[in-house]
Amino acid sequence: LIHREDPTGTDNSKGQMLSKEEAGGIFDRIRKYSTADEVEALFYGGHFALTRFANNVIHQNVAEENYGISVRTAFGGRTARASTNKLDEESLERVVKASEDLARVQHPDPDLLPMPDPQERDRASQSGVFAAPPSRYCAETAAITPEMRAEEVARIVRVADQHKLTTAGIFSNSEFVEGIFNSRGSNDWHTQTSAEVSITMLAEDSSGWQKANDPDVGKLDPPALAEMAACKAIQSAAPREIPAGKYTVILEPAAVLDIVGFMFWDFGGQAILDERSFLNNRIGTQLFGENVNIWDDVVHPLQSGAPFDGEGMRRQRVHLVKNGVAERVVYARGTAERMKKSEHAAKVGPIEPTGHGFPLPNEMGEMPINVVFGEDTNAQTVEQMISSTQRGVLVTRLWYIREVDPYEKILTGMTRDGTFLIENGKLCAGVRNFRFNESLIHMLSNVEAMGAPVRASGEESFDMVVPAMKIKEFNFTEVTKF
Amino acid sequence: MKEILGWALNLATQRGTPYADARIVDDRSRSLATKNGKVGHASDAESQGIGIRVITDGAWGFAASKDLSRSAVENTAARALAIGKASAQVKRENVRLAPEKPVIATWTTPYRIDPFTNSIEQNLELLLKIDGELRAVPGVTLAETSMNFKREESWFASSEGANIHQTKYSTGAGYAAHVFAGTEIMKRSYPNSFGGQWQNKGYELIEELNLVENARRVAEEAVALHKAEQCPKGVFTIILDSSQLGLQIHESVGHPIELDRVLGMEANFAGTSFLTLDKLGNLRYGSDLVNVVADARQEHGPGLGTFGFDDEGVPAQCTSIITNGLFTGYLTSRETAHTIGANRSGGTLRAECWNRLPMIRMTNISILPGQKPLTLEQLIADTDNGIYLETNKSWSIDDKRYNFQFGCEIGWEIKNGKRGRMLKNPSYSGITTEFWNSMDAICSRDQWTLWGTPNCGKGQPQQVMGTGHGAAPARFRKIKVGSAYKGN
Chain A
1 LIHREDPTGT DNSKGQMLSK EEAGGIFDRI RKYSTADEVE ALFYGGHFAL TRFANNVIHQ
61 NVAEENYGIS VRTAFGGRTA RASTNKLDEE SLERVVKASE DLARVQHPDP DLLPMPDPQE
121 RDRASQSGVF AAPPSRYCAE TAAITPEMRA EEVARIVRVA DQHKLTTAGI FSNSEFVEGI
181 FNSRGSNDWH TQTSAEVSIT MLAEDSSGWQ KANDPDVGKL DPPALAEMAA CKAIQSAAPR
241 EIPAGKYTVI LEPAAVLDIV GFMFWDFGGQ AILDERSFLN NRIGTQLFGE NVNIWDDVVH
301 PLQSGAPFDG EGMRRQRVHL VKNGVAERVV YARGTAERMK KSEHAAKVGP IEPTGHGFPL
361 PNEMGEMPIN VVFGEDTNAQ TVEQMISSTQ RGVLVTRLWY IREVDPYEKI LTGMTRDGTF
421 LIENGKLCAG VRNFRFNESL IHMLSNVEAM GAPVRASGEE SFDMVVPAMK IKEFNFTEVT
481 KF
Chain B
1 MKEILGWALN LATQRGTPYA DARIVDDRSR SLATKNGKVG HASDAESQGI GIRVITDGAW
61 GFAASKDLSR SAVENTAARA LAIGKASAQV KRENVRLAPE KPVIATWTTP YRIDPFTNSI
121 EQNLELLLKI DGELRAVPGV TLAETSMNFK REESWFASSE GANIHQTKYS TGAGYAAHVF
181 AGTEIMKRSY PNSFGGQWQN KGYELIEELN LVENARRVAE EAVALHKAEQ CPKGVFTIIL
241 DSSQLGLQIH ESVGHPIELD RVLGMEANFA GTSFLTLDKL GNLRYGSDLV NVVADARQEH
301 GPGLGTFGFD DEGVPAQCTS IITNGLFTGY LTSRETAHTI GANRSGGTLR AECWNRLPMI
361 RMTNISILPG QKPLTLEQLI ADTDNGIYLE TNKSWSIDDK RYNFQFGCEI GWEIKNGKRG
421 RMLKNPSYSG ITTEFWNSMD AICSRDQWTL WGTPNCGKGQ PQQVMGTGHG AAPARFRKIK
481 VGSAYKGN
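In order, the protein sequences belong to chains A and B. At position 54 of the first sequence (counting the first as 1) the number is 54 in this note's numbering, and the numbers step up by one without a gap. At position 355 of the second sequence (counting the first as 1) the number is 355 in this note's numbering, and the numbers step up by one without a gap.
Because the hints were derived from the structure by calculation, they are not lab data. Since we're looking at a predicted model, the values are computed, not measured. Hints are not guaranteed to be accurate.
Each pair of labels, with its calculated beta carbon distance range [to be verified]:
{"no.": "1", "chain 1": "A", "residue 1": "Arg31", "chain 2": "B", "residue 2": "Ser119", "range": "50 to 56 Å"}
{"no.": "2", "chain 1": "B", "residue 1": "Arg96", "chain 2": "A", "residue 2": "Glu375", "range": "51 to 57 Å"}
{"no.": "3", "chain 1": "B", "residue 1": "Gly420", "chain 2": "A", "residue 2": "Ile234", "range": "32 to 38 Å"}
Take a look, some chain A residues computed to stay more than 10 Å from chain B by CB distance [unchecked claim]:
{"no.": "4", "residue": "Tyr33"}
{"no.": "5", "residue": "Asp109"}
{"no.": "6", "residue": "Trp189"}
{"no.": "7", "residue": "Ser342"}
{"no.": "8", "residue": "Ile369"}
Listed below are the simulated BS3-like cross-link pairs for lysine-lysine, each with C-alpha atoms no more than 30 Å apart in a straight line [as the list claims (entries may be wrong)]:
{"no.": "9", "chain 1": "B", "residue 1": "Lys233", "chain 2": "A", "residue 2": "Lys246"}
{"no.": "10", "chain 1": "A", "residue 1": "Lys219", "chain 2": "B", "residue 2": "Lys85"}
{"no.": "11", "chain 1": "A", "residue 1": "Lys347", "chain 2": "B", "residue 2": "Lys35"}
{"no.": "12", "chain 1": "A", "residue 1": "Lys341", "chain 2": "B", "residue 2": "Lys85"}
{"no.": "13", "chain 1": "A", "residue 1": "Lys164", "chain 2": "B", "residue 2": "Lys85"}
{"no.": "14", "chain 1": "A", "residue 1": "Lys86", "chain 2": "B", "residue 2": "Lys168"}
{"no.": "15", "chain 1": "B", "residue 1": "Lys279", "chain 2": "A", "residue 2": "Lys86"}
{"no.": "16", "chain 1": "B", "residue 1": "Lys478", "chain 2": "A", "residue 2": "Lys481"}
{"no.": "17", "chain 1": "A", "residue 1": "Lys340", "chain 2": "B", "residue 2": "Lys418"}
{"no.": "18", "chain 1": "B", "residue 1": "Lys478", "chain 2": "A", "residue 2": "Lys246"}
{"no.": "19", "chain 1": "B", "residue 1": "Lys38", "chain 2": "A", "residue 2": "Lys341"}
{"no.": "20", "chain 1": "B", "residue 1": "Lys91", "chain 2": "A", "residue 2": "Lys219"}
{"no.": "21", "chain 1": "B", "residue 1": "Lys168", "chain 2": "A", "residue 2": "Lys97"}
{"no.": "22", "chain 1": "B", "residue 1": "Lys233", "chain 2": "A", "residue 2": "Lys481"}
{"no.": "23", "chain 1": "A", "residue 1": "Lys97", "chain 2": "B", "residue 2": "Lys480"}
{"no.": "24", "chain 1": "B", "residue 1": "Lys480", "chain 2": "A", "residue 2": "Lys246"}
{"no.": "25", "chain 1": "A", "residue 1": "Lys341", "chain 2": "B", "residue 2": "Lys415"}
{"no.": "26", "chain 1": "A", "residue 1": "Lys97", "chain 2": "B", "residue 2": "Lys35"}
{"no.": "27", "chain 1": "A", "residue 1": "Lys97", "chain 2": "B", "residue 2": "Lys38"}
{"no.": "28", "chain 1": "A", "residue 1": "Lys219", "chain 2": "B", "residue 2": "Lys424"}
{"no.": "29", "chain 1": "A", "residue 1": "Lys164", "chain 2": "B", "residue 2": "Lys91"}
{"no.": "30", "chain 1": "A", "residue 1": "Lys246", "chain 2": "B", "residue 2": "Lys415"}
{"no.": "31", "chain 1": "B", "residue 1": "Lys279", "chain 2": "B", "residue 2": "Lys129"}
{"no.": "32", "chain 1": "B", "residue 1": "Lys480", "chain 2": "A", "residue 2": "Lys481"}
{"no.": "33", "chain 1": "B", "residue 1": "Lys38", "chain 2": "A", "residue 2": "Lys340"}
{"no.": "34", "chain 1": "A", "residue 1": "Lys347", "chain 2": "B", "residue 2": "Lys38"}
{"no.": "35", "chain 1": "B", "residue 1": "Lys129", "chain 2": "A", "residue 2": "Lys340"}
{"no.": "36", "chain 1": "A", "residue 1": "Lys481", "chain 2": "A", "residue 2": "Lys426"}
{"no.": "37", "chain 1": "B", "residue 1": "Lys480", "chain 2": "B", "residue 2": "Lys415"}
{"no.": "38", "chain 1": "A", "residue 1": "Lys472", "chain 2": "B", "residue 2": "Lys233"}
{"no.": "39", "chain 1": "B", "residue 1": "Lys38", "chain 2": "A", "residue 2": "Lys472"}
{"no.": "40", "chain 1": "B", "residue 1": "Lys480", "chain 2": "A", "residue 2": "Lys472"}
Note that the Cβ used here is the ideal one computed from N, Cα and C, for glycine as well.
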């Protein structure tokens, strides 16, 4: 919170990260101002910087420093939240009062639970296992300066220039905190860094794309990603138009992530209670192919994020899909209690808090956000998948995916930045981009081969650990003009 | 606040920057929601900080901080300068800004009732009353209502002498009834999806929307959809309601006319545009009936794209985008205006908050209503065979903005000029210019609504912005219907 008196204009002049001890002091003051039965405070913020390039130049270059606090108060079944990034005494007092004013006027909700105490927070579930995640803070990532980002962009531009291409993308780094304190003595704190690079290479009538992120900038190789994106742009030049229809497709990991991400809202207990999940009446059934296994696992070495949820409960490892059977969903504390009393209780598998709740109060309940796909014992490389394909389409990236039918989980969207025709086991040409209308249930029942799961990053869904997939009868419905 | 802005600008100019601007923004928002008879959430939020934009060595730098102390503001200005110097390591030309006379002004959204002075208890009671109406209809499995208010106060100053104090209010409200039965989930929303209707108004918007009065009908339609026929596949004449046409404009006109997209500046994320510079003044975008403007002025109405000045101090303007079907204008900024030979920005540079760099955003991108009196009922009566579609359910378009597909919540068959049986899952798709060239009728001013789209995403880091879209029901010929469900 305290700026160093060093207006030298280097990135070393950014303020120090908010510490758990400072946050604890702020929470003590918040408690002093509150008249509520219970009070909770979430802390968030940090430093973020992003260098953006297009047309082979840096055209936008930004940095931000911000911290905020979000206060939830509760009076006997009534609760509300108020947030601010002003941390002076007057603002702290005001934010507590705003939260209390919003809570007091409500009708009591008999289902609202007391805030969790440390014992409840730490209790492992019957089937889940809690372990501490690896450190996700990397000093080298936090120390990246604008000059270093510019140098990395210059390397990417050199790749573009060498191939007579135009490049656009971003290189960013951040360090941030997430923390929670409540008046029942529960508290937790998470500090993390993140570095991310995304690169598009554009030719006259084609393009290629790659993206990656990691807490440790040393794990990223921007020039190598630039070469891969350039290769895709060059190989997909002069795209052919082939008719829409059902094709065997090979989705690279980012494309898998972008499309499957649309089903995980449905893997929460509240979505079942609200009867808006495609898993209603389907838990325990063979929904996907037997080769599909999906976990939520915050401690997985390729995963990211804080090991606690919006109420401070420990995130547990949950096996969501086992050999194609939708086994169970995740729960916030309150959702689990409501589910036990509901008409759905007998047909949803294990019901217990799993540490996946959003900050209260909210309507959505919970969802898995640390998704990890299981490894196929016969994992193949993308090259192997291509070589075994008589006729098909290789997809680098998907775009503008939206839900068409919520229960059959039909999604529409476009291919983008590197779509190729495969014939006789080889990439033979770039093709014009397709629109798809495809059911996720259908798609995950038709996975013929999978790669080794990797940490992937896209634009339509959150980051996850997913494999490339070879899928039969993928439904392309239209072709666009490029 | 002027003093604080001065600290930033003084440091930047003392260090030789040819241009700097600074914005302090103080945001306040309230969000209330109910679900199935209970309060879903009740929350307030505020955020304040300063964003400083500079040109150094011919390149941009931007830094932002929540801390408004003198040392922090000067430190942030210094960071912006250092970032600009780093940008200059990878540049080919210096940034050029179109000239703009610096303005000293104050502007506030006209409003009748400050939404933050309204009783929270009464607001929640209204939402719970709507919820009760929705759930009173047998078959409704999920009822959701919401109400949102925002107040954004900003202070802008530039090294050229601009000094602008602006306060914008916006309000939004709406609801939805969901019905799960068998293997289908049906939904109806009012007044629109995306949280209902949104405008730059005070609480008076809530009073104008007839929310309670429409709740039963909306819930009954959601239930009735389960017994409705599947929308047929094929090529049809379609009529779109004004809210769906508003989103059609957003996706297939509003985004492709953003000049930064056209110039490749968004290629990595939001994409580019089929509207390359050679098409200005030459492309037949639509039929003669298609007239679209980008109008941020108050006289256009209380849209989410209405303001006094954009976030680089350029006054609100009206630009003709499509004139009698001909493509005539882009959305521009001071940096991009010269690329189309313009000597002034069109005034469309906006930022989500203090911590984001302003970028070209849609203002109110509206289709002008027909000149002759024409109601929706008259338009249907004038249509032998077709489908009438209402309220968006899904939306998708490629990254150059050619191929689109939209799904709507509900449709009705039109037979011999009469609205017939209800149709479920209606969808349509096409190519942007082919679609707009097929428009052969649009209803008149009395059928025109200025809709708000509160959730337009763009930029890296992504910024969410509200945009306005005025539209009246319109008819399109030979449109592909139903491919969303083909083969599944």
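Exercise for review: Mind listing which of the numbered hints don't hold for this structure, in increasing order?
Suggested key: Violated hints: 1, 3, 5, 12, 15, 17, 23, 25, 28, 30, 31 and 39; rest satisfied.
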